[in-house]
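A.B. asks: For this one, chain U is given, so just place chain A on it according to the hints.
There are 2 protein chains.
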Amino acid sequence: MVPERAVILAAGLGTRLGTLTEETPKGLLKVAGREILYRSMKILQDLGVKEFIIITNRKYEKKFREFLERNNFKAQIVINEHPERGNGYSLYLARDKVKDRFLLFMSDHIYGREFLQEAVKGEGLIVDRNPKYVDIEEATKVKVRDNHVEDIGKHLKEFHGVDTGFFVLTPEIFSIAEEILSEREVIELSDVVKRAKLRVTFVDGLFWTDVDVPEDIKKARDLIVKTSVKGVGDGFISRYLNRKISTRISALLVDHISPNQITVITFLLGIFSALLNFVSIPLAGIMYQISSILDGVDGEIARASMRTSKFGGYVDSIMDRYVDFTFLLTLAYVTINEPLWWAVVGAAIFGSVMVSYSTECYRAVYGRSIYEDIPEMRYLIGKRDERAFLTMLFCLIGEIKALFALLAVLTHLRVALTVWLVWKKKGS
Amino acid sequence: MVPERAVILAAGLGTRLGTLTEETPKGLLKVAGREILYRSMKILQDLGVKEFIIITNRKYEKKFREFLERNNFKAQIVINEHPERGNGYSLYLARDKVKDRFLLFMSDHIYGREFLQEAVKGEGLIVDRNPKYVDIEEATKVKVRDNHVEDIGKHLKEFHGVDTGFFVLTPEIFSIAEEILSEREVIELSDVVKRAKLRVTFVDGLFWTDVDVPEDIKKARDLIVKTSVKGVGDGFISRYLNRKISTRISALLVDHISPNQITVITFLLGIFSALLNFVSIPLAGIMYQISSILDGVDGEIARASMRTSKFGGYVDSIMDRYVDFTFLLTLAYVTINEPLWWAVVGAAIFGSVMVSYSTECYRAVYGRSIYEDIPEMRYLIGKRDERAFLTMLFCLIGEIKALFALLAVLTHLRVALTVWLVWKKKGS
Numbered sequence: 011m012v013p014e015r016a017v018i019l020a021a022g023l024g025t026r027l028g029t030l031t032e033e034t035p036k037g038l039l040k041v042a043g044r045e046i047l048y049r050s051m052k053i054l055q056d057l058g059v060k061e062f063i064i065i066t067n068r069k070y071e072k073k074f075r076e077f078l079e080r081n082n083f084k085a086q087i088v089i090n091e092h093p094e095r096g097n098g099y100s101l102y103l104a105r106d107k108v109k110d111r112f113l114l115f116m117s118d119h120i121y122g123r124e125f126l127q128e129a130v131k132g133e134g135l136i137v138d139r140n141p142k143y144v145d146i147e148e149a150t151k152v153k154v155r156d157n158h159v160e161d162i163g164k165h166l167k168e169f170h171g172v173d174t175g176f177f178v179l180t181p182e183i184f185s186i187a188e189e190i191l192s193e194r195e196v197i198e199l200s201d202v203v204k205r206a207k208l209r210v211t212f213v214d215g216l217f218w219t220d221v222d223v224p225e226d227i228k229k230a231r232d233l234i235v236k237t238s239v240k241g242v243g244d245g246f247i248s249r250y251l252n253r254k255i256s257t258r259i260s261a262l263l264v265d266h267i268s269p270n271q272i273t274v275i276t277f278l279l280g281i282f283s284a285l286l287n288f289v290s291i292p293l294a295g296i297m298y299q300i301s302s303i304l305d306g307v308d309g310e311i312a313r314a315s316m317r318t319s320k321f322g323g324y325v326d327s328i329m330d331r332y333v334d335f336t337f338l339l340t341l342a343y344v345t346i347n348e349p350l351w352w353a354v355v356g357a358a359i360f361g362s363v364m365v366s367y368s369t370e371c372y373r374a375v376y377g378r379s380i381y382e383d384i385p386e387m388r389y390l391i392g393k394r395d396e397r398a399f400l401t402m403l404f405c406l407i408g409e410i411k412a413l414f415a416l417l418a419v420l421t422h423l424r425v426a427l428t429v430w431l432v433w434k435k436k437g438s
Numbered sequence: 011m012v013p014e015r016a017v018i019l020a021a022g023l024g025t026r027l028g029t030l031t032e033e034t035p036k037g038l039l040k041v042a043g044r045e046i047l048y049r050s051m052k053i054l055q056d057l058g059v060k061e062f063i064i065i066t067n068r069k070y071e072k073k074f075r076e077f078l079e080r081n082n083f084k085a086q087i088v089i090n091e092h093p094e095r096g097n098g099y100s101l102y103l104a105r106d107k108v109k110d111r112f113l114l115f116m117s118d119h120i121y122g123r124e125f126l127q128e129a130v131k132g133e134g135l136i137v138d139r140n141p142k143y144v145d146i147e148e149a150t151k152v153k154v155r156d157n158h159v160e161d162i163g164k165h166l167k168e169f170h171g172v173d174t175g176f177f178v179l180t181p182e183i184f185s186i187a188e189e190i191l192s193e194r195e196v197i198e199l200s201d202v203v204k205r206a207k208l209r210v211t212f213v214d215g216l217f218w219t220d221v222d223v224p225e226d227i228k229k230a231r232d233l234i235v236k237t238s239v240k241g242v243g244d245g246f247i248s249r250y251l252n253r254k255i256s257t258r259i260s261a262l263l264v265d266h267i268s269p270n271q272i273t274v275i276t277f278l279l280g281i282f283s284a285l286l287n288f289v290s291i292p293l294a295g296i297m298y299q300i301s302s303i304l305d306g307v308d309g310e311i312a313r314a315s316m317r318t319s320k321f322g323g324y325v326d327s328i329m330d331r332y333v334d335f336t337f338l339l340t341l342a343y344v345t346i347n348e349p350l351w352w353a354v355v356g357a358a359i360f361g362s363v364m365v366s367y368s369t370e371c372y373r374a375v376y377g378r379s380i381y382e383d384i385p386e387m388r389y390l391i392g393k394r395d396e397r398a399f400l401t402m403l404f405c406l407i408g409e410i411k412a413l414f415a416l417l418a419v420l421t422h423l424r425v426a427l428t429v430w431l432v433w434k435k436k437g438s
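If you read the protein sequences in the order shown, they are chains U and A. Going by the numbering used here, the first sequence opens with residue 11, and the numbers climb by one from there. Going by the numbering used here, the second sequence opens with residue 11, and the numbers climb by one from there.
Simulated from the structure, these hints should not be mistaken for lab results. Heads up, some of the hints might be wrong.
Identical chains blur together in the list; that is why a pair holds if it fits in one copy or across any two.
[Said to hold, decoys possible] Think about it this way: if two alpha-carbon atoms lie no more than 30 Å apart in a straight line, the pair counts; the simulated DSS-like pairs of lysine-lysine are:
1) K164 - K436
2) K435 - K60
3) K228 - K72
4) K436 - K72
5) K436 - K320
6) K434 - K52
7) K142 - K207
8) K435 - K52
9) K236 - K254
10) K436 - K40
11) K435 - K320
12) K73 - K228
13) K52 - K436
14) K207 - K72
15) K167 - K229
16) K435 - K240
17) K131 - K52
18) K167 - K320
19) K436 - K240
20) K84 - K434
21) K434 - K240
22) K69 - K434
23) K435 - K84
24) K73 - K434
25) K60 - K436
26) K436 - K84
27) K240 - K320
Just chain U, same shape as in the assembly (with noise of 0.2 Å):
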């Protein structure tokens, strides 16, 4: 069971990012389109917690109220008068809030969905053996013996991994708080730890970072929009060149973009570059490509910014098609006299569109992606990132009837395979 309470301490000052946080706590600077907290606040919350405890100062109280209210997250705000006194005192406060088991986290720790997963069912301080998106140095290790810790610091000479800033804990936690607080005034979260030899829980090398200094941001941000590729159903063509462009380009624009808006000038662009036919193929051609490859933004946004909506993806859909039609259309009208060649046409035109017809209708009836259920496909080619391309290739070289004969084949190929593919797999 996850708990169902999470407690969120933010009330440290954050003075090395510098003017950034002059006005903004660090847990609500925005990274690829969304506050840190949010991300961390929203995941949990689809995992199950029900209510959060912010610990913050009254100086960033204002702000806190605002995000909770922007945002319909159901939270108590708890203000620790004296940020001075450390972490462990800002804990500290939330003795009367939670009851049972409860979650403890870092506001300006960025932690991925795998990560909180994992970290939820676990108990105590959860440790990672494998960090690989954090600074070992700046970081503070565990030492580690019999599951418990034994040693908590910066600059621990031995130690079996680094703090992820998060936890599992019971309000027993409370009490050695109180203790430390018995003999003095400033006290860390790492002393709780250290005395109450917190148990260690292991997760290891799932993505998680915190942001110090500016350029944490920027970091984590590439990340986030890297690891925000969909990716299942990608062609060849998407996998080895049009990520590559696309994930930079959503890198640049997630912070000041919608993905709706990205999607409606992804289509303009398409029904530019169709319209570009009557001027000059090869450009329309080249055009197509550039479509193809934005195609891919507003996808990654959508997901690096937590803005996905199954709207978007289904208007999505049916506008590629419409920009597939409108390219192919206008390319043969410039081109193209005989009524057999148009025939031709035709066919690649609807072909084009059973690739996708075969791909979307498998999902409407069995409900799951085609491409996780039969990983075959992802080495059937005639995708769209492959045929936008060679169909820039072949308006480069003039070749258009070569073009529509060979999209009427492999289309329909496809298509046939695909059939076949899923009676093979899912009987008749």
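C.D. replies: This is chain A only, laid out in the frame that chain U set:
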């Protein structure tokens, strides 16, 4: 909770069906391509019944064993060596096989899914106050007082409903049967029901019937086929013309042909209608409309004979697209020369697929039929049945260019309206 066991009474010698039941027990007669008993058992299995106990006589034993093996039902057979002692005695023979609440029903009754869904939730004897599909004259009537059976019999003057032959019982019923058996040799179920003053549950007006004379089988078959029309997603032409014809064809064919065979025949007929364009366009148009009518038959037969398959639906949907495409392409090929009109043809062909694409893609993304989620969709014209009918009309009057222009507008208008409705309903 649905009881885990169901007792089936099938020891009667069924003389009224004449030669039909010389060899085959009534419950194993096929109605709409499936044994009567297969229908009840399959649906009850879906509803949660784990095991069946079939009480039959020595003569039918082998037939039942073969039936169970063929269909992989989990069942025991209990032999009633004295079927002449009545069906109350048959029930009594099940006494060692059931410990908890159990279902009891007659092997020669056909029950629809809706009826069974309600009946399994009931208690005691299931009584129908509005029996639509049985001959009241011949039915066993039930007089009810305070929710319990007061009297039961074929010739009651005053009664509240009709005995459906379906019961939800507890093992107490066996001691009542035993009590009567200590008094006499022959006992009918109705004797036991009356002595027990069995509790009554009303399930009114849903499909169930019993099979007594050969005409009952034909009547039941027609009813099952008629209620097997999927309906949701049918266009106007389908509803008011095609289905009226296709259900009759289905009723004639359901016992003789498999859904897959019909799918292939319909596809070949569609392609044949397309090729007819080279010979005579009006003839081709008529044949295309005929193939559009037949297009409903595979689904009807599949549902009526409980042989639906996802793969069947998948392939059928793709084949339909190919028939439409081939027809429009050959029609255009024999009539149209100018590139401008070919562009219109391209738009019409593309639009015809996009109507289905925008529908299937919805189901792929949202996981439900667009017609269930957005009822307004039913009033949009442009579906396949309507397009096929329009095509036939225009082929008959020879206005082929007008047809393509109309299809080019109609289909894309429908797609645009579909997207708009989805947006209105589902937001962005």
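A.B. asks: Each of the hints needs a verdict: does it hold here or not?
C.D. replies: Hint by hint, here is what the structure shows:
1. K164 - K436: neither (55 Å within a copy, 50 Å between copies)
2. K435 - K60: between (41 Å within a copy, 28 Å between copies)
3. K228 - K72: within (26 Å within a copy, 76 Å between copies)
4. K436 - K72: Answer is neither: 57 Å inside a copy and 33 Å across each miss the 30 Å cutoff.
5. K436 - K320: both (27 Å within a copy, 9 Å between copies)
6. K434 - K52: Close across copies (26 Å), not inside one copy (40 Å); limit 30 Å.
7. K142 - K207: Result: close within a single copy only, 26 Å intra versus 75 Å inter.
8. K435 - K52: between (37 Å within a copy, 25 Å between copies)
9. K236 - K254: within (9 Å within a copy, 56 Å between copies)
10. K436 - K40: between (45 Å within a copy, 28 Å between copies)
11. K435 - K320: both (28 Å within a copy, 12 Å between copies)
12. K73 - K228: within (22 Å within a copy, 75 Å between copies)
13. K52 - K436: Classified as between: cross-chain Cα gap 21 Å, same-chain 37 Å, threshold 30 Å.
14. K207 - K72: Answer is neither: 36 Å inside a copy and 72 Å across each miss the 30 Å cutoff.
15. K167 - K229: within (28 Å within a copy, 87 Å between copies)
16. K435 - K240: Both: 24 Å inside a chain and 26 Å across chains, each within 30 Å.
17. K131 - K52: Answer is within; shortest intra-copy Cα gap is 17 Å, inter-copy 41 Å.
18. K167 - K320: neither (50 Å within a copy, 62 Å between copies)
19. K436 - K240: both (25 Å within a copy, 23 Å between copies)
20. K84 - K434: between (49 Å within a copy, 28 Å between copies)
21. K434 - K240: both (26 Å within a copy, 27 Å between copies)
22. K69 - K434: neither (64 Å within a copy, 42 Å between copies)
23. K435 - K84: Between. Shortest inter-copy distance 27 Å satisfies the 30 Å Cα cut-off; intra-copy 45 Å does not.
24. K73 - K434: neither (57 Å within a copy, 34 Å between copies)
25. K60 - K436: between (40 Å within a copy, 26 Å between copies)
26. K436 - K84: Classified as between: cross-chain Cα gap 25 Å, same-chain 44 Å, threshold 30 Å.
27. K240 - K320: both (14 Å within a copy, 26 Å between copies)
Figure legend: structure checked against the earlier numbered hints; hints not met, in rising order: 1, 4, 14, 18, 22 and 24.
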